[in-house]
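Working from the sequences, and respecting the hints, build out all of it.
Under this note's numbering, the residues of the sequence shown are numbered 8 to 654, in order.
Hints may be right or wrong, so weigh each one.
Stated by the list, open to error - Okay, the calculated beta carbon distance ranges per label pair:
id	residue 1	residue 2	range
1	366	301	54 to 62 Å
2	167	301	46 to 54 Å
3	212	186	14 to 22 Å
4	379	304	25 to 33 Å
5	253	84	29 to 37 Å
6	213	520	55 to 63 Å
7	296	485	38 to 46 Å
8	369	586	51 to 59 Å
9	373	586	29 to 37 Å
10	324	84	52 to 60 Å
What the hints assert, rightly or not - Taking lysine to any residue and the SDA-like style, the derived pairs with C-alpha atoms no more than 25 Å apart in a straight line are:
id	residue 1	residue 2
11	141	280
12	141	374
13	365	447
Just so you know, these hints were derived from the structure itself, not from any lab. Virtual Cβ for every residue (Gly too), placed ideally from N, Cα, C.
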Amino acid sequence: MTGLSKEQRKRILENALLSRFVEEELLALFAKGKLFGTVHTCIGEEFSGAAVCDALLPGDTVFSNHRCHGHFISKTGDIRGLLAELMGREGGVCAGVGGSQHLCKDGFYSNGIQGGIVPVAAGLAYAQQLRASKHVSVVFIGDGTLGEGVIYEAFNIAAKWALPLLIVLEDNKFAQSTSQSETLAGGVRERAEAFGIDSAVGSTWEWEQLAQTAATLIAAMREDGRPRFLHIDTYRLKAHSKGDDTRPRELVEPFEWKDPLNILLGNATGEERAWIDTLERQVKEAATWADAQVPAVYRHAVSSRIDSSWQCAPLLPKSRVVAALNDCFRQAMAKDPSILMIGEDILSPYGGAFKVTKGLSDEFPDRVRNTPISEAAIVGLGVGLAMMGARPVVEIMFGDFVGLAFDQLVNHAAKFNQMYAGQVAVDLIVRTPMGGGRGYGPTHSQSLEKHFFGVPGLTVLAVNALTDPGQVYGPLLDGGVGPALVVENKLLYSAYFIHEPPLGFELLHSTDRFPVAWLRPQSEVVDVILLGYGGTAHMMAEAAEILFDEHEVVAQVLCVMQVFPFDVESISLPLGESKRLLIVDESQSFGAFGAEVMAQMVERGMAAGRAIRRLNAAEVCIPASGDMEKMVLPGVLDIVAAALEMV
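This is how it looks when you write it as structure tokens:
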């Protein structure tokens, strides 16, 4: 350590002072009723962001948390944009949507969910590694975040894959109002060192040495590409959020006395005082400017459906669905080098639990990667990769495990585009097998996709045997859709496509980006419509044949590919052909796809004079016994029986 230059010292001090003055101004604005919501100040911790960010270069990325203002100022210098954002004004860095905890600009991102940002930052680092750049990714976390398991999943991957990720832990001894002594077992640095991650320690009271330590770690990362861990001792001098501080004054006061900025402000010389006054005026002027801006208007995209038309479907391949999926990815990866496949056990010779990725790692060895059993981390990794322009495809081995990645999908992938005012695209594909029928029992046979319906920004799709997989994955891999959860029913893998429609039927597709399949009978009279998605296509098609051949009942089949968002108007034409509708779904009925279809039909006057019924799985956990499973899940004969009852 050779010491800081005069320019470095002034630059770091300036960012720390600006962070202090901005947050004091924010507290004053709250007192005046100028701000809405909450604000988490880093007063007392400013040198953390100032010291670390001083060693960064354009192209490096920073991910931060709810206490992010100081990091943001030190990385971007955009005081006006920050103040306007918190005041909900035009000119805010996220157009007023993000607010205090969710900021984005010039490679800086923050999110208020504890821990979840670490795998995302690891994904940003992975993208830097793939580009063979010398850029690094930095993530700031607090000591309270050490209780979140997902960070250790990310530590493991970052260390094993040698990712250029700097984890900065700001140790301020309290998680909101709870003392670290109540919650932390073991040491702090030892957590990172257990994964083989080199660590160092510093403090905001010895900020010049901290800056040198941070610069040394970052320089080493640029050289060897490996992760580092920086443990910063610091202390928060103000409340966790506005006025919720329950710490006794005698605990806080000693840290106020030793705070470097308080010492500087209390002992500034004439020249220093003039410089400090200039910075204070800069903040005041920025606040005045922000306050004068017009209030921000939410300009989120309003969905406007183009009326679907229908056309003859292309001839489907004479192959099993699993082979078509494999070929779809093989062709796409050959054309687009940005496509990456990550997941558990997906390398050759195994090729995934259901063999969708079989052989892909032989052809694209650098773009197919096995991961630990860390569903949350690998989806977060995919989020970070997508933010940097890659096309990640994340496989979750069984759909039952997607709950472990719920936070990454709902609070990260789905949020970022709108939350950051369109500055970030997350074209992430998470694909997973769902459904029963194979005897895998209560925790490997569920259809959990309904729990992701209604998440703004997330698309839920389902592969079916009436549509080529390229019509699902082609648009997703082209980009522009955003994050998508793709459901592949387990029984489909070994099944063949419905290559030719049953005798007396024709197959139509809608012209939507993700088409609806319409198995239409060549009859002027339709007795009942069967509606479903995914793995129900085979069952509905077979049931339609039985109904006609054995009972002289004419049924038509509708199979939806885009399950959410879904607009019932997209199937208004085929719905008009019968007054009876049976909705078939392998998940439990409450809050499932059928419930939404019925609600939309009632709201739009499409249910009047119509008989509508749902056929779902029983409201129990799915048994392993084959005979019992058939009693729980809807099958072909159940569809036939329900249709006959309606007719």
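Each hint tested on the structure:
1. 366 / 301: 54 to 62 Å: 57 Å, holds
2. 167 / 301: 46 to 54 Å: Between residue 167 and residue 301, where Cβ atoms are some 50 Å apart, the hint holds.
3. 212 / 186: 14 to 22 Å: 20 Å, holds
4. 379 / 304: 25 to 33 Å: Hint violated: Cβ distance 44 Å, outside 25 to 33 Å.
5. 253 / 84: 29 to 37 Å: The hinted range 29 to 37 Å holds for residue 253 and residue 84, with Cβ atoms some 34 Å apart.
6. 213 / 520: 55 to 63 Å: Holds, since residue 213 and residue 520 (Cβ atoms, about 57 Å apart) stay within the stated range.
7. 296 / 485: 38 to 46 Å: 41 Å, holds
8. 369 / 586: 51 to 59 Å: 54 Å, holds
9. 373 / 586: 29 to 37 Å: Taking Cβ atoms as reference, residue 373 and residue 586 lie about 57 Å apart, which means the hint is violated.
10. 324 / 84: 52 to 60 Å: 56 Å, holds
11. 141 / 280: Not OK: residue 141 and residue 280 at ~39 Å, beyond 25 Å, violated.
12. 141 / 374: Holds, because 20 Å separates the two Cα atoms, which is no more than 25 Å.
13. 365 / 447: Since the Cα atoms of residue 365 and residue 447 sit roughly 22 Å apart, the hinted pair holds (cutoff 25 Å).
Hints 4, 9 and 11 from the list above are not met by this structure, while the remaining hints are.
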